[in-house]
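Could you build the full structure based on these sequences and the hints that come with them?
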Amino acid sequence: MVTLLLRNCKFAIDWTGDELRVLRNIDVLIKDGVIENIGVKPWGDYEEIDCSSSILMPGLVNAHTHTPMSLMRGFYDDAELMDWLNKMWSVERELTPEIISLGSELSIIESIMSGSTALVDMYMYPEATAEVAIKYGIRMALGPVFMDTMFNPTRVENDLRNFTAMYSNNPLIKTIINIHSVYTCSKDTLERARNLSRELNTNIQIHASETRDEVYSTWSKWNMFPIDYLDSLGLLTPRTQLVHLGWVTNWELGKIARAGSIVTHAPTSNMK
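Residue numbers for the sequence shown follow the numbering used here, so the first one is 399 and each next one is one higher.
Simulated from the structure, these hints should not be mistaken for lab results. One thing to keep in mind: the hints can contain errors.
Said to hold, decoys possible - Calculated pairs, DSS-like style, for lysine-lysine (alpha carbon to alpha carbon, straight line, at most 30 Å):
1) 653 with 572
2) 533 with 585
3) 619 with 585
4) 408 with 429
5) 572 with 429
6) 533 with 429
7) 585 with 485
8) 619 with 653
9) 653 with 485
10) 572 with 533
11) 585 with 572
To be verified - Derived CB-CB ranges, DEER-like:
12) 548 with 413: 36 to 44 Å
13) 453 with 430: 41 to 49 Å
14) 492 with 451: 43 to 51 Å
15) 479 with 443: 15 to 23 Å
16) 492 with 559: 20 to 28 Å
17) 508 with 479: 18 to 26 Å
We treat Cβ as the ideally placed atom computed from N, Cα and C, and that holds for glycine.
See the structure below:
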């Protein structure tokens, strides 16, 4: 049995009751990963950590990550999105599961060090990332990516089913359906992803309305803005996580709210 005493926590955030409480200068006793008591010093052998300059709180959730891309940090950082994507795709075509695993390990270690204990990820070879998450005991939602510019949608569907079966009994890993965007997927692919979400009872994550060019190109092709287009395909639901949304109209925001879809804003990325 592993016993850990967090000594003299300067602040501890308690969300277990109806109201948030802030506790000060307390000791927290943990046994085998479970908080057992507050303010009681254990008997016997235990590890003690001085938390007099720390905040004890539930782990943070990073709602949108591309964990293996830590290895490409700074690549083409001054390019517009589409130029950047085209350059990055040429790099990503050369990646292997081993490289993905290394990049995931770096990002997951950095996440834990900064207080994030759960990640929602989108990248290729998700099983490589999932194994690293299990190794470090971090929770992740992830899965294969629908993206016609790089992957055959039939293969992605097969990979998704296999991934779901592989991790269905693992409490740390949750399968989601990743769709890169409306501009990298055909209408048929988007409908395929929608049907799989319904069949497998699984959430969807998609980049949407990230740039002005994306919004205008979607309008030119479908006579609809991206959110309206997703709604027309039955993809605007409480199971849908919309990432970025830097360029949306008021009526699209209203539509998102009525649908109950999840919005993940990424201001650091958007400001580029």
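Residue 479 paired with residue 443, Cβ distance criterion 15 to 23 Å: Because 54 Å falls outside the window, the suggested range is violated.
Supplied distance hint 20 to 28 Å, evaluated on CB atoms of residue 492 and residue 559: holds, 27 Å
Verdict for residue 453, residue 430 (Cβ pair) under range 41 to 49 Å: violated, 23 Å
Status of the given 36 to 44 Å range, CB of residue 413 versus CB of residue 548: holds, 40 Å
Range agreement (Cβ of residue 451 with Cβ of residue 492, hint 43 to 51 Å): Cβ of residue 492 to Cβ of residue 451: about 44 Å, so the range 43 to 51 Å holds.
Proposed proximity, residue 653 with residue 619 (alpha carbon, max 30 Å): holds, 21 Å
Pair hint outcome, residue 585 versus residue 485 [Cα-Cα no greater than 30 Å]: holds, 25 Å
Satisfaction of hint between residue 572 and residue 653, Cα-Cα up to 30 Å: Satisfied, since the Cα-Cα distance of roughly 27 Å is no more than 30 Å.
Hint check for residue 479 and residue 508 - Cβ pair distance inside 18 to 26 Å: holds, 24 Å
Pairwise hint evaluation, residue 485 against residue 653, where the allowed Cα distance is 30 Å at most: violated, 34 Å
Straight-line alpha-carbon gap residue 533 to residue 585, limit 30 Å: violated, 38 Å
Pair hint outcome, residue 533 versus residue 429 [Cα-Cα no greater than 30 Å]: holds, 20 Å
Against the hints set out earlier in the document, violations occur for numbers 2, 9, 13, 15.
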